[in-house]
Structures are given as structure tokens and as C-alpha cells.
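Residue numbers (this note's numbering), protein chains in the order written: chain A, 1 to 109; chain B, 1 to 194.
Every clue listed holds true.
One side of the interface only, derived from the structure: several residues of chain A facing chain B at Cβ under 7 angstroms: (1) P61; (2) R93; (3) T94.
For the record, the hints were derived by calculation from the structure and aren't laboratory data. Note that the coordinates shown come from a computational prediction; the quantities given were computed from them, not determined experimentally. Positions of the beta carbon are idealized from the N, C-alpha and C atoms, including for glycine.
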Amino acid sequence: MIIDEINIANDFSDTPGARYKKDGPFSGEEFLEKHLRPKFINGLKENGEILIVLDNVWGYPSSFVSGSFGKLSIEYSSETVLKHLKFKSIDSRTRLEKIIYEINNPTRK
Amino acid sequence: MRVMNVLGKIIFIVIFLVGILVGIFVSNFGIITRDNITISQIITWLITVGIAISIPSYINKIVDNNKNIKLFLIKEIESIREIVSCIEKDLSNLEIGDKVDSRFQKKILYNINKIDLGFDVLSNQLDNNSIKSDLIQIEKLKKKYFSYYTYLTGASNIFSDTFLINELFLKENLNQFSAFELEIKLFILKIYNL
Numbered sequence: 001m002i003i004d005e006i007n008i009a010n011d012f013s014d015t016p017g018a019r020y021k022k023d024g025p026f027s028g029e030e031f032l033e034k035h036l037r038p039k040f041i042n043g044l045k046e047n048g049e050i051l052i053v054l055d056n057v058w059g060y061p062s063s064f065v066s067g068s069f070g071k072l073s074i075e076y077s078s079e080t081v082l083k084h085l086k087f088k089s090i091d092s093r094t095r096l097e098k099i100i101y102e103i104n105n106p107t108r109k
Numbered sequence: 001m002r003v004m005n006v007l008g009k010i011i012f013i014v015i016f017l018v019g020i021l022v023g024i025f026v027s028n029f030g031i032i033t034r035d036n037i038t039i040s041q042i043i044t045w046l047i048t049v050g051i052a053i054s055i056p057s058y059i060n061k062i063v064d065n066n067k068n069i070k071l072f073l074i075k076e077i078e079s080i081r082e083i084v085s086c087i088e089k090d091l092s093n094l095e096i097g098d099k100v101d102s103r104f105q106k107k108i109l110y111n112i113n114k115i116d117l118g119f120d121v122l123s124n125q126l127d128n129n130s131i132k133s134d135l136i137q138i139e140k141l142k143k144k145y146f147s148y149y150t151y152l153t154g155a156s157n158i159f160s161d162t163f164l165i166n167e168l169f170l171k172e173n174l175n176q177f178s179a180f181e182l183e184i185k186l187f188i189l190k191i192y193n194l
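Isolated chain A, as found in the complex (with noise of 0.2 angstroms):
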């Protein structure tokens, strides 16, 4: 069951940035801290799903994608993060898939 969303556009920002902090504005690091991580552990902690609107932003580095979904994935296994996290996007199923795919294959850097 849903219980919470995060839509990035929206909330956080339509241009995600790099990996860290450090790199420059709306990272993926940032994003993890602010958003993703509080309301995963939420979700967690009530046993509901978080939606994440994936639609309505420039596109998605890769860096991002490694900072917030990776490490959470790194954090707390594939298998939980999907379990929890559900994700919507009527712009393109492709990139949908890629983030799957990092959640799936973390980058560990």
C-alpha cells in the first residue's frame, strides 16, 4: 500500500545533479539525505510502499541515480529497496528501467 510520494520534479529539483554533494547542486547524495532515505525508512518502519514520480525532469545522470537509489540499494539490499519503493513514469518505461537496473547493480564507488 502507498503511503507517501516523492515526486523529484516537484520536490527536489527537474535538473538532477552529480553523485556528491561536492559536485555541485541537487545531487543525488542530497537527494538520499532530504528525501529519499526519511521517507524509505518511514515506509519501512509502517511496511508501505513510496511512490517516486519519476516524470517532468531534464533526464537523469547516472551519478544521481548511483547516489540516491544506489547506495540505498548498498544500504539496505535490492530486494528491500524494490519492495518498498514503487516507481511511476508515463514519459518513458526505458528510464524506468534504468533505475531498476542501478538498484539491482549498484555502483560502489
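Keeping the supplied structure of chain A fixed, place chain B upon it in accordance with the hints.
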């Protein structure tokens, strides 16, 4: 459209009248009579003629459909190849030590989005058509694309404010691009050979 309808009606009436005339001719001049031909023979003959006419046209239709689908898939994958070439052309204009500004980064993402949409179209076509998608192995092609995308927009650190074009980046990016381009060519070849 209206002309076609009128033409269709005229052809129907002509065939109908010819049928009547043939019936009259056969009953009066006795080419075949009811005594030496059974109803089941007539039905068998009609079915045979029906099959003889319909099967070749059905096969032609399938062949034409597959041909159109194959041409469509090749056109789509060629357009993906053009977008990737565009990205690489832009990168080749940069010199070692150049900074990658936000305008350039956005252009890369814009082109990546276009590639994503191209893959969406390809996947939808393969899902909705009878073409042997297991032989084409789009997943293998996608994997190469994901590797290319992951290096270009991730591992290379090109979206970092401190990134400067360097030899290692150009070399590794070229490797990823070459691997992806090769897979595209193999994919096109597989479609041709289907």
C-alpha cells in the same frame, strides 16, 4: 472513398448477374447436371477454391506485415544510432582540460531522453508483434546502452562541477560507445536475417 463504395456495388451487381447467367446456361445446356454431381462434391470444390485463393493472400499479408515491422525496427534503431553519434560528435569537439557546462550537460540528458524514447518504441513494437523477439535479444542491446549511459553520465563524473575533459574519460567513453555501436550493428543484422 465514396467512389470506391460505388465501384464495389457495381462489381457486386456484375458478379451477381454473371452468376445468374452462368446458372441459366448450365441448367439449359447441361454441362454438369444434378444427376452426376453431388452437393458434397460442390461444397468440396468450393472449399478447395476458397483455400487456393485465401492461403496465398494470407501468407502474402503476413510476409508484408513482417517486412514492414522489420523496416520500422531498423528505422528506429538507426535513429538511436544517429542520436548516439550526435552525442559523440559534441564530445569530440571538446579539448582536454575543457570544463563541461550545464548547457552541455542538459544537451547530453536531452539526447539520452531521446534514446530512451527510441527504446520505448522498439520494446512496444516487439511486445505487440509476432516478430520473434527472442531471436533479436533487445535486452542485450539495452544492457550495452545502460553501460554506455552509466559511464557517460555517471562513472565519468561529467556532471560534477569540478570535472574537466581528460584522456582517461575520452578513452573509456570511446570504448563504451564502440561496444554499444557494435551491438546496434549486430541488432540490425539480426533483424535483416529474421
